[in-house]
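Just need the whole structure built from these sequences, with the hints factored in.
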Amino acid sequence: MVHALGEIHRVLVPDGILIDLRPLCDNWRIEVFSARETRETGHVTDLPLGLEDDETANQAMANAESNGWFARESETFFPLHYVWDTASDMEKWIDEEWTNFIGLDEEPRRATRSAWALGDADSRVRVRAKMLIARWRKMGF
Amino acid sequence: MAKATKDPEQNETRHLQKFVDVTGKRVLEIGCGEGRLTWRYAAASLLTVGLDPKQDALRVASIDRSSDLTDKVHFVNTHAETIPFHKETFDIAILAWSL
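Residue numbers (numbering that gives the first Met the number 0), protein chains in the order written: chain P, 0 to 140; chain G, 0 to 98.
Calculated from the structure, these hints are not laboratory results. Ideal Cβ placement from N, Cα and C applies to all residues, glycine included. Some hints could be false.
Stated by the list, open to error - Across the chosen pairs, the derived CB separations fall in these ranges:
#, chain 1, residue 1, chain 2, residue 2, range
1, G, Asp55, P, Thr37, 32 to 38 Å
2, G, Asp67, P, Glu105, 46 to 52 Å
3, G, Asp67, P, Glu36, 38 to 44 Å
4, G, Lys71, P, Pro13, 21 to 27 Å
5, G, Thr69, P, Arg109, 49 to 55 Å
6, G, Thr12, P, Gly139, 29 to 35 Å
7, G, Thr22, P, Asp25, 31 to 37 Å
8, P, Asp104, G, Arg39, 31 to 37 Å
Stated by the list, open to error - Chain P residues, not near chain G, derived (Cβ > 12 Å throughout):
#, residue
9, Glu39
10, Leu46
11, Asn66
12, Glu105
13, Leu117
14, Asp121
Unchecked claim - Computed footprint of chain P on chain G, listed as stretches where at least three residues anywhere in the stretch have a Cβ under 8 Å from a Cβ of chain P:
#, stretch
15, 8 to 16
16, 76 to 86
17, 89 to 98
What follows is the structure in structure tokens.
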């Protein structure tokens, strides 16, 4: 990862900009929502591999900064929704796509199924992911 | 495979635009995948190059590339550890979910 940042530093012009855009583990909130209402049904669970990835990425940027490659100019967090038509679709996605990174315990699984089944006809399910965006300036040549 | 809609509110695009202006710039996107984010900014750039180690994803990105972006947007199948460009080629680099 540090080598990749070195490569990015190499191909950027002096004063070039690096944008670091990525999701961060944060036990993301699950909601069942419709045009009429939104109901929180629990949270996903951060798994060790996901937390480790975040820590590795943060450490890589900290190293790039201490190496004098980049200086951080600004940073913020924002929500990004993943939306599914059904509770079952959400479960399949988490189980298949986020394996080892994000988990779904039995309680929020049951609560989401129930809220979706009893909800309005236009009810859907979403997970509110936490996103980081940071702007870095290339230093040196 | 279940299907998810990612970022229907386009929060990601809004924040990217707030953080960097790609107008007339040479942009390198690391981890472009199928081009989901690429298509949201590339038209304004002078040149955009998307890198990704997944050939299948780049195939989808190339198929999705509209004809007016053929000269402007290019994809390269590689890892970020070996970027096949000369030094000081790009004004902006975007690490898209890839650090």
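Cross-check of the supplied hints:
no. : hint                              : result
1   : Asp55(G) to Thr37(P): 32 to 38 Å  : 36 Å, holds
2   : Asp67(G) to Glu105(P): 46 to 52 Å : 50 Å, holds
3   : Asp67(G) to Glu36(P): 38 to 44 Å  : 42 Å, holds
4   : Lys71(G) to Pro13(P): 21 to 27 Å  : 24 Å, holds
5   : Thr69(G) to Arg109(P): 49 to 55 Å : 50 Å, holds
6   : Thr12(G) to Gly139(P): 29 to 35 Å : 31 Å, holds
7   : Thr22(G) to Asp25(P): 31 to 37 Å  : 33 Å, holds
8   : Asp104(P) to Arg39(G): 31 to 37 Å : 34 Å, holds
9   : Glu39                             : 18 Å, holds
10  : Leu46                             : 17 Å, holds
11  : Asn66                             : 15 Å, holds
12  : Glu105                            : 19 Å, holds
13  : Leu117                            : 21 Å, holds
14  : Asp121                            : 14 Å, holds
15  : 8 to 16                           : holds (count 5)
16  : 76 to 86                          : holds (count 8)
17  : 89 to 98                          : holds (count 10)
Checked against the numbered hints above, the structure breaks none of them.
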